[in-house]
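Peer 1: In case you want the letters, here they are:
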Amino acid sequence: MKKNNRKLLFLLGTVLMITTACDKDLQPYDSKSDETALAGPDDLQTATYGSYAGLVSADYTRFQHILGEYSSDNVALSGTTTDPLYNVYNYTDFPGNNITTSFWRQAYKVIFSANQIIGKINDGTSPALDQLKGENMYLRAMAHFDLVRFFGRPYAQGNGNNPGIPIIKTSQGEEFPARNSVKEVYDFLITDLLKAASLMNIKKDSRFASKEVAYALLARLYLHKEDNAKALEYADLVIKSNRYSLLSTAAFKNYFRSIPESNPETIFAIRHILADNRLKGAIGSMYYNDPVTLSTGWGEMYASASYVKLLAANPNDARHSFIELQLAANGDTLKRGNVVKYFVNKYNWQEGVANLSSPVLLRLADMYLIRAEANAKLGNAGAAISDVNIIRTRAGLSGNQLYSTSDLKGKASVLDVVLEERRLELAFEGQRTSDLFRNNKPLVRAYPGFHSLDRFNQTVAASAPRAIYLIPDRELKLNANLTPNP
Amino acid sequence: MKKSYLKSTNSSVRIRMAVFFLAVFLLAGRKSASATNLALGEVHSTLFSNSFNLKENSRDRIIRGRVVDEKGETLPGVSVQLKGTTVGTVTNGNGEFSLNIPADNGTLVFSFLGFTSVEAIIGASGTVKVTMNTMQSALNEVVVVGYTSRSISQLSSSVSVVSGEKLRDVTSNNVSSMLQGKAPGVIVSASSGSPNAEPSVIIRGSSSITAGSAPLYVVDGVIGGTVNPVDVESVTVLKDAAATGLYGSRAANGVIIITTKSGKAGSNQVNFSATTGINQVSMGNFDVMNSQQLYDYQKTFWNPANFNRDRPATLLSQDTDWSDLAFRTGLTQNYTLSVSGGSEKTQVYVSGNFYNEDGTLETTGRKTYNLRTNVSHDISKKVKLGARLDVGFNKFQEDASGNYGALVGATRNLPWDSPYFADGTLKRGTEPGWIGREQDNFLHGWQYNLDDTKRNSLSGDIKLDYFITKGLTFTSSNRVSYNNSKRQLYYDVRAKAGSGLGRLTNDMAFSSSLITSNRLLYETSFGKNNFSTIAVAEAEKNFAERNALLGQGFVAGLRVMNAASQILSSGNANGSINENAFSKGLVQVDYNYDNKYFLVGAYINETSSRFGANNRTGHFYTLGSSWILSNEGFMQGNKTFDFLKLRASYGSTGNAQIGNYQTLGLYSFSSQYSGFSASTPSQLANPDLTWEKVKTANLGLDVSVFKRVTLNVDLYDKTSEALLLNVQLPFTSGFTSVIQNVGSVKNKGLELNLTTLNLDKGAFKWETNFNIAFNKSKVLRLDQGKDIITDNGFSPATIVSVGHDLNSFYMRKWAGVDPQTGDPLWEKITKDANGNSVVTKTSVLSEATSQFVGSYTPDFTGGISNTFSYKAFTLSAFLNFVSGVEVFNSSRTSFDSDGAYETVNNMLPRDEWSRWQKPGDIATHPRAVFGGNKNSNKLSSRYLEDGSYIRLRNVNLGYTLPKSLLTKVKVSNARIFLSGDNLWTGTNFSGADPEVSLGQNGGNSADRYPISKKFLFGVNLGL
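Those protein sequences? They're chains X and F, same order as listed. Residues in the first sequence are numbered from 1 upward in steps of one, following the working numbering. Residues in the second sequence are numbered from 10001 upward in steps of one, following the working numbering.
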């Protein structure tokens, strides 16, 4: 009996040892806790890279592009698709649109990431930390600005007194924030960007934010706000900083194949490396399909006939390099859905990879055109025309292809000259729709494309409800404080 | 005696031992004085030698004998008693006994639970051979429940047993899918008809939202493990708390216990079975338009000038049936060779199986090689060793056409596009003139691409039984299992999906699991009181890692990573490691009085690494009782009832089926920016996260009447508390969701299982089994009463809301077609001045109001099988059914989209559908408009359909060859059969198949791999 008891005790002892020795405090292998991930300056730098990585997400880069450009008159869709980009293109946004929903999510993720870091850094700790704080403030501002231009009405309508988007300033903010007015958002962004600019004193290359990057975004923001004097001031600051220079005409033709850090004209771009190649999910895949292999993209969104016509006014215009007419083996013009196949290549062939590109969000040419528009609106016709001509000259135009105050080449106003040049220069860079609606101009499509019943004509007034997007249905369902867009 | 029409006992030797002990103790109780005075050593020698020698005077006569069942297998533990006296013994492990009787003659009474008692008159020879027959009731089956085995009649809990034979009527390589419709309350649903698909299994309704709803699988008594269907002896489904109790901590969704076959002492048995046949795709009510139909339809909504230009009548000369090109008649083969047998001390079961199923979709298929060895060996009188090894090699082949895949191409591609050039070579789809949207010919990709997965799995068990002392047994079960798999997905440079470079993804995964379960069992009895106590200590550690790599730049046809010109690092290359650990302690006490009254109670304590440091351990308990009325004196002699039992149980079980590390606030380091390592906020912390608990009350009735009808009824009420839930957060928080313990859900239901012997006349016999289960779910409570809405924009939104079914759809409600304009209409709900809801209609989707529009919880599910036998012929038919379930047919957003997409094919409208043509038309479908009619095809209740169906899962006609024919060729038995799976489905659903996953985020029918009909021929040989 005793012997048995001993055996039993031994057995039970062993079993207890085995079963309780198991450690239950397991930690993941690819993540760290909040506290350790933001502990020191190096960690904050890594987390700041994380804020930028949030932009690399297709939800940000690609959808920012679609929402900004597909609604413009620069593009023509050559067929229907179940992808909601179709609804963005033809102004039939619907509740549950994955593009608006995902962009909203990703923009606020970037904002959260930035807020976490901003909250950890006290001003003046060190130049490096001030710089990081400034970069995150810039990223936070940029994400808010993109949100407000997609989901809020242009500032010019009602002087900013329409609903904008919720401002999220801290990582422990309200659970159910309401929409701030467009004006409140702009005011917040201006304060933030000025502070960011003052904090950033390290000259980082165009993959990262720096003082001039904040100024460049301020210039654009003031332009949207119709504060033309300020827009002029900040565009001027960037141009005169001498950190950037326009590419030569020859180099310009390959602008978008170069990497941002080696491109002197780029102010800020979202750097994509080979590992970030989105293949058919890349911006470039919808515009382009490698004509040799016909395997790299969808190639379904083309340069519109109206844009092609505008460009064709000057056959030597270097900006022809960014569109490629597709021809059949026998030389016939190729079409899809009766839309002539003009591939757009601004998002292809970085480092020799078909769909790789680092989308350029701010570049020097834009600063000249912002200064030109501000000058035009302020009545400084000469200065405006002069900046436009700088851009045209770089595009290889000369002589009577350039404007003068006495020769607007049939344009009604200097502003029209500037806006047309913006369209020519910044086509497919996500600016066109905003440029129309913020200037209270309608979008007019009169070219082949799947945007209307007759697949030709479509007009959208700047005041149309659908000139902006619906607040994502999911957010309206979860947050009763949000008001919908009609 | 009639042969048992249900499967007779097939208990393992181990189970018999337990019963044997119990019988010994019963007897010992009666002989209290002498038995308790015996020295322990003597008891042992008595138990393990061949006699139980009661000291009586020398003139006694010794009677020897052996007891077997109707199959000739020995029965240990049978009580043998001299009639009218207290003299008696029990049979030993070999079914033998010897008994000293104080007289020259008399009558011996043999009794054993689950068997009809037998009386035998002692003859002159002094030896008795007795054959005992199983009582004709399923209630006598010995089942493995928790960590012990019981005859069903002794259970206080709700269990369903499916024998290996019943399981294997359909031909498949997946135990879960074979279980469909065979046990009440067990809902098996597959979202795909691919031979590689894993179905979802839900027992008694889903009681979880975010945590998994899959039951716990237990193979041969130990959590986890692998099993090939051919080796299954039986499947036991544990449903209520009393049954699942011992697995309680992880058993909130029920437990499926699989017992594999084992060898038996005696003659060697060699069995060979072969099944082979064909599979054909079953498209149900679904068909797409042909060339002319699509042409005529498009003409109705195109601008005429554009139509004449882009859709010339010459298109009609081409009419490609893409579906016909995508699907084939496949081959299914299933061969098994098994050998079992052994000696008194050692028993062995060995089987080898080869299974091959060609999917009906070209290029898809599954091949499985499986080997199992189960050995048990008595090392000594006190120690018994068991070893089980299951080794599998699997190869899965999937459609590698690339891009959207052949399933999409088969239905979406246009009949106007030809897959071939004039010279018969294949087009890729990118040629000028190709009209279809995806510009993809899957036949072209199939020439070069490959998607296959190889998987090795191994599961090894070592089990040690140590009979320490009288009534006390220590058992240690230990399992090591691992899975190794490698998937290669290769897109050749020549194929469109190769993106002009050729791409290869290698995805390697490894997982291992270690578990040790140590049990101490003590059984005792005094008088008519029987006790059984078990204490268990268990620990488990699971590990999984994965590595995936993407390379590109391959010369045509080369598909090893070594040949890549570029290796892409992040994004498509990733690695992960995951771990979790569990440990548990439990105690269970079983008590019964005189085999009439049963009580069982258990306490379980389990700790898991998955929960927060503050709340890592869960406590669970169960209580069950039952009363066998038919064993009462007042029921004796009753001719109607063969068996009557009432059961009641209550208890709590747990659910830990969430991801690992979910309680921590985390930054993920899986991204980079411009090549710099980056960290991003990935998860909100919740250190209080703890076990989800389900409390189940169960009332049951088991009745068997007229030796023909057996009925089991169960009523249950299952309430989950501290529900684990991914609470959706507004995106403005920076996160999508956070996992929390929130709220409570109740599932109530009724389950019936009826087995009847309808006819048994001479050579003709007809049996029926019918099972049905009704379940209703209701959300009782949520954190702060807040609704939980899940809306990802591309599958139907669902809502969890107090007072509603757990699986509720929350969408804009379709209100038909405006008769004046032909526009789509949805309901818009506004409040009037008095706060009353006013319902109006709108044709602007964003103005319409999201509301409750139905649920995908079925009202009832079940199955019915009929078996007819006449002499050597048997015919069986098995139907399963699901009723009252709403299924969102999301394919219709494309196929039935009112002109939205002119470059994809459309489904043929059903007869009862009508299209709006002119003002005044009352129609089901809006006016077709080029490019779409006011977003009429976006998510709304328009595409919600009744997904009820009844399916003829299997018909089997078998013939047993006469012995006379077989003896010449030295075959002991042979059976041939013809079998058909899924031959007919009755449903109103407009898609290819109404069966969808009814698990979490279920109720959605997208482009699914259709199920196949199988026509098979098989032969079973016993040597």
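Take these hints with a grain of salt, some might be off.
[To be verified] Quick partial rundown of chain F residues pointing at chain X, CB under 7 Å, derived from the structure:
1. T10300
2. W10302
3. P10304
4. I10577
5. A10581
6. S10737
7. G10793
8. S10795
[Unchecked claim] Over 10 Å on every C-beta distance to chain X, these chain F residues come out as not near it, computed from the model:
9. D10783
10. V10904
11. G10932
Think of the hints as simulated: they come from the structure by calculation, not from any bench. Cβ coordinates follow ideal geometry from the N, Cα and C atoms, glycine included.
Peer 1: If a hint holds in the structure, say so; if it doesn't, say that too.
Peer 2: Going through the hints against the structure:
no. : hint   : verdict
1   : T10300 : violated, 14 Å
2   : W10302 : violated, 10 Å
3   : P10304 : violated, 11 Å
4   : I10577 : holds, 4 Å
5   : A10581 : holds, 5 Å
6   : S10737 : violated, 10 Å
7   : G10793 : holds, 4 Å
8   : S10795 : violated, 10 Å
9   : D10783 : holds, 13 Å
10  : V10904 : violated, 8 Å
11  : G10932 : violated, 7 Å
When held up to the earlier numbered hints, the structure conflicts with 1, 2, 3, 6, 8, 10, 11 and fits the remainder.
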